[in-house]
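4 protein chains.
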Amino acid sequence: MGVKERKAMEREQRRNQILDAARHLLFHSGIKNISISKIAGQAELGVGTIYFYYQNKEEIFVTLQEEGLSLLHDQIVTISNKRISQKNKLIQVAKAYCRFSVEHKNYFDIINYFLSSSIVFFKPDLKNRVDKSGFKVLSVIRKIVDKGIEKGQFKQTDSEKYTILFWATIHGVLQTRKMEATLLKDDGFDGLFEYSVNQLIHTLTQQG
Amino acid sequence: MGVKERKAMEREQRRNQILDAARHLLFHSGIKNISISKIAGQAELGVGTIYFYYQNKEEIFVTLQEEGLSLLHDQIVTISNKRISQKNKLIQVAKAYCRFSVEHKNYFDIINYFLSSSIVFFKPDLKNRVDKSGFKVLSVIRKIVDKGIEKGQFKQTDSEKYTILFWATIHGVLQTRKMEATLLKDDGFDGLFEYSVNQLIHTLTQQG
Amino acid sequence: MGVKERKAMEREQRRNQILDAARHLLFHSGIKNISISKIAGQAELGVGTIYFYYQNKEEIFVTLQEEGLSLLHDQIVTISNKRISQKNKLIQVAKAYCRFSVEHKNYFDIINYFLSSSIVFFKPDLKNRVDKSGFKVLSVIRKIVDKGIEKGQFKQTDSEKYTILFWATIHGVLQTRKMEATLLKDDGFDGLFEYSVNQLIHTLTQQG
Amino acid sequence: MGVKERKAMEREQRRNQILDAARHLLFHSGIKNISISKIAGQAELGVGTIYFYYQNKEEIFVTLQEEGLSLLHDQIVTISNKRISQKNKLIQVAKAYCRFSVEHKNYFDIINYFLSSSIVFFKPDLKNRVDKSGFKVLSVIRKIVDKGIEKGQFKQTDSEKYTILFWATIHGVLQTRKMEATLLKDDGFDGLFEYSVNQLIHTLTQQG
DNA sequence: CATGAATGAGCATTCATTCAT
DNA sequence: TATGAATGAATGCTCATTCAT
Numbered sequence: 197m198g199v200k201e202r203k204a205m206e207r208e209q210r211r212n213q214i215l216d217a218a219r220h221l222l223f224h225s226g227i228k229n230i231s232i233s234k235i236a237g238q239a240e241l242g243v244g245t246i247y248f249y250y251q252n253k254e255e256i257f258v259t260l261q262e263e264g265l266s267l268l269h270d271q272i273v274t275i276s277n278k279r280i281s282q283k284n285k286l287i288q289v290a291k292a293y294c295r296f297s298v299e300h301k302n303y304f305d306i307i308n309y310f311l312s313s314s315i316v317f318f319k320p321d322l323k324n325r326v327d328k329s330g331f332k333v334l335s336v337i338r339k340i341v342d343k344g345i346e347k348g349q350f351k352q353t354d355s356e357k358y359t360i361l362f363w364a365t366i367h368g369v370l371q372t373r374k375m376e377a378t379l380l381k382d383d384g385f386d387g388l389f390e391y392s393v394n395q396l397i398h399t400l401t402q403q404g
Numbered sequence: 197m198g199v200k201e202r203k204a205m206e207r208e209q210r211r212n213q214i215l216d217a218a219r220h221l222l223f224h225s226g227i228k229n230i231s232i233s234k235i236a237g238q239a240e241l242g243v244g245t246i247y248f249y250y251q252n253k254e255e256i257f258v259t260l261q262e263e264g265l266s267l268l269h270d271q272i273v274t275i276s277n278k279r280i281s282q283k284n285k286l287i288q289v290a291k292a293y294c295r296f297s298v299e300h301k302n303y304f305d306i307i308n309y310f311l312s313s314s315i316v317f318f319k320p321d322l323k324n325r326v327d328k329s330g331f332k333v334l335s336v337i338r339k340i341v342d343k344g345i346e347k348g349q350f351k352q353t354d355s356e357k358y359t360i361l362f363w364a365t366i367h368g369v370l371q372t373r374k375m376e377a378t379l380l381k382d383d384g385f386d387g388l389f390e391y392s393v394n395q396l397i398h399t400l401t402q403q404g
Numbered sequence: 197m198g199v200k201e202r203k204a205m206e207r208e209q210r211r212n213q214i215l216d217a218a219r220h221l222l223f224h225s226g227i228k229n230i231s232i233s234k235i236a237g238q239a240e241l242g243v244g245t246i247y248f249y250y251q252n253k254e255e256i257f258v259t260l261q262e263e264g265l266s267l268l269h270d271q272i273v274t275i276s277n278k279r280i281s282q283k284n285k286l287i288q289v290a291k292a293y294c295r296f297s298v299e300h301k302n303y304f305d306i307i308n309y310f311l312s313s314s315i316v317f318f319k320p321d322l323k324n325r326v327d328k329s330g331f332k333v334l335s336v337i338r339k340i341v342d343k344g345i346e347k348g349q350f351k352q353t354d355s356e357k358y359t360i361l362f363w364a365t366i367h368g369v370l371q372t373r374k375m376e377a378t379l380l381k382d383d384g385f386d387g388l389f390e391y392s393v394n395q396l397i398h399t400l401t402q403q404g
Numbered sequence: 197m198g199v200k201e202r203k204a205m206e207r208e209q210r211r212n213q214i215l216d217a218a219r220h221l222l223f224h225s226g227i228k229n230i231s232i233s234k235i236a237g238q239a240e241l242g243v244g245t246i247y248f249y250y251q252n253k254e255e256i257f258v259t260l261q262e263e264g265l266s267l268l269h270d271q272i273v274t275i276s277n278k279r280i281s282q283k284n285k286l287i288q289v290a291k292a293y294c295r296f297s298v299e300h301k302n303y304f305d306i307i308n309y310f311l312s313s314s315i316v317f318f319k320p321d322l323k324n325r326v327d328k329s330g331f332k333v334l335s336v337i338r339k340i341v342d343k344g345i346e347k348g349q350f351k352q353t354d355s356e357k358y359t360i361l362f363w364a365t366i367h368g369v370l371q372t373r374k375m376e377a378t379l380l381k382d383d384g385f386d387g388l389f390e391y392s393v394n395q396l397i398h399t400l401t402q403q404g
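Residue numbers (our numbering), protein chains in the order written: chain A, 197 to 404; chain B, 197 to 404; chain C, 197 to 404; chain D, 197 to 404.
These aren't lab readings, by the way, just hints derived from the structure by calculation. Please note that a few of the clues may not be correct.
Identical copies carry no separate label here, and so any pair may be met within one copy or between two of them.
[As the list claims (entries may be wrong)] Computed list of lysine to aspartate or glutamate pairs in EDC-like fashion (alpha-carbon distance at most 16 Å, straight line):
1. Lys328 / Glu376
2. Lys228 / Glu254
3. Lys381 / Glu356
4. Lys381 / Asp354
5. Lys332 / Glu376
6. Lys381 / Asp327
Can you build the whole structure from these sequences, using the hints too?
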């Protein structure tokens with residue numbers, strides 16, 4: 197291994213070390229309580245060192261978001277590889293994201309953080325990375341949709357648009373969970389979520 | 197007019213004056229850049245005076261959110277009073293919210309602010325006010341749905357759930373606008389939005 | 197009753213109303229959390245009104261302290277009227293103050309507040325009132341001591357000095373309670389307190 | 197000297213610089229008038245710098261208190277090393293604390309500050325430091341008592357309890373000084389103090 | 001490469017007091 | 001008498017960022 201490669205590896209290790217610290221803080225104190233100096237403390241590095249490896253706090257957040265989305269991506273890929281109907285895949289994807297929003301609440305928070313921040317807030321390069329990792333997740337879903345259409349399990353539709361709609365709906369519904377007590381009677385949020393997924397699927401399967 | 201009434205009016209005026217300042221800042225620098233002392237400066241009042249009229253910063257945000265939702269509520273009420281089919285009403289409601297997210301971007305941001313904040317973030321009384329004004333908006337939509345079902349224009353469905361789904365979908369889709377460049381080809385966000393509304397409506401109108 | 201008297205009575209009522217509010221706050225939030233405006237809120241009076249009846253916050257504290265010391269005074273008078281030996285009276289007085297520091301912790305805090313504040317902190321008239329009500333308490337104890345000496349139950353000593361010593365010791369010992377965990381082993385604070393009272397009494401009763 | 201040592205020294209110097217400022221303020225305006233930004237101003241440092249060296253205001257107070265108690269500790273150690281009777285040592289210790297409360301009034305105030313603050317007021321680590329330095333002082337006194345007992349100069353007693361009683365009494369009596377004018381006639385506070393010390397010593401020396 | 005000290009503007013919030021009505 | 005709106009300095013504390021070493 198050449199010097200270049202070793203340096204690159206070391207660099208990657210340090211970046212990971214920092215990310216570990218940031219993730220730890222994210223999970224233990226929530227997104228509102230992360231500061232560079234806390235990350236530095238947790239990582240047992242100097243504050244300046246953090247800035248050597250990351251341009252600023254946002255970039256760390258972006259990286260964490262990539263991480264979260266990658267985790268989710270893998271789950272969805274696993275689902276998409278199952279030998280079940282495309283319809284069931286979509287249902288499982290929805291459920292997976294729902295579970296993800298609970299079990300990986302902090303990653304969900306960080307996704308929310310980006311989704312609800314102003315578009316002008318981020319530098320183009322960071323925004324690009326966020327978009328890209330989101331795109332990757334959506335691509336997997338889109339392939340499910342496409343295959344479903346191809347196999348005649350779903351009706352013809354613009355799969356790109358459907359995919360985004362699918363995702364945006366699930367995400368939007370998940371955001372309403374915090375108003376559960378006020379908005380929902382009877383069967384609560386779970387009922388709403390099931391209803392929503394049913395409608396989304398029905399949209400794809402009924403004959404118009 | 198008695199002294200009491202005059203005092204009450206003056207009080208209301210001051211509250212508005214402060215709200216004007218907060219709104220001004222919200223519109224000119226975004227939600228991330230509002231601080232009490234900036235509001236005080238803008239309103240040409242002492243910092244303490246702000247706290248005399250509002251219990252804390254969150255309450256100002258809540259009031260602004262109520263304001264935004266009230267604005268939206270009125271638009272939707274107007275639509276719901278039109279002599280058009282319930283289906284067309286829903287379409288117009290969706291479009292109204294889309295327009296709202298552009299024309300009143302900052303109110304949309306503040307709705308986002310609440311939707312993406314942690315549930316534990318707000319004191320119960322404030323959370324209640326937010327929920328209540330959100331509920332008011334949803335109620336109008338629900339009435340449209342109910343009437344559509346009643347008149348046989350829509351199929352039978354759980355109107356409460358459908359309403360939330362409707363809203364969550366629209367909101368979720370609007371949140372994706374900032375990724376327009378990356379995610380969407382061809383006809384861009386407008387196409388996506390139209391597609392989404394169509395699907396939402398179709399859900400209500402097709403015969404299962 | 198003349199106008200003057202009625203006015204005076206009304207005035208006294210108002211002062212009490214304010215004091216009730218201050219006491220309520222003292223007991224419910226502790227001495228650190230009392231502010232004039234909170235008192236005003238609690239008393240359902242205007243802030244300005246408070247200042248009409250009390251020169252400032254300190255005066256309210258002084259009045260509360262008088263109240264606390266008066267309460268204590270009454271307890272001690274009751275003890276001093278009992279038909280028991282003077283020695284037992286002193287023991288009971290000590291125990292009464294110990295109980296007082298627990299059961300009326302907030303009054304004890306306020307006594308502490310004055311005792312540990314700088315001498316220059318208070319205006320002469322307020323300081324005088326504090327001293328006077330402290331003096332009243334001490335006088336009762338002194339009478340017990342005097343009677344004990346007179347009856348030959350106690351040895352000859354400077355009863356004025358002994359009384360202050362007695363009091364200062366009890367108070368000093370009570371202040372150490374918060375270090376119980378660090379300083380005291382075995383039988384803890386209660387043991388220390390009993391030991392201290394014994395020594396104080398022994399001082400008076402043994403033949404030198 | 198290596199880089200590490202120099203850094204450590206510089207760090208210590210800065211801490212001292214800040215402490216100097218805090219002490220200056222303590223001595224010139226009293227404990228009620230110390231604020232972090234005043235300390236920063238006095239030390240000609242930024243506010244943030246203060247927090248770099250001390251976790252919060254309390255820690256500065258704790259450090260000052262340690263300083264004061266350490267000063268006192270040294271005086272007492274000196275006394276305890278003298279070739280005089282244990283009884284005379286105790287008398288001199290009492291007098292030393294009395295002098296300390298005058299000559300180092302501000303350190304005495306800060307001891308009072310801790311003694312009259314609520315137990316829940318301080319974080320465990322800070323409380324520990326306070327307790328520890330208080331304990332150190334008491335230990336010296338206790339050794340005097342123990343040696344006195346051992347040598348038969350004092351009667352048998354629980355030296356741990358006696359030591360605390362001794363200290364609490366002296367401290368309590370010193371706190372009454374501010375009421376000198378009201379409470380004490382004739383030979384004033386000095387008479388009271390002498391009387392108190394005599395009684396304390398007598399307690400140890402008389403044969404019960 | 002890595003450090004970590006230093007900054008100082010910024011934050012939300014509190015409060016005793018005044019004063020015109 | 002009684003009010004309560006208005007003040008603005010003050011408080012403890014945080015933080016992203018810089019830069020000399």
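Which earlier hints can't be squared with this structure?
none
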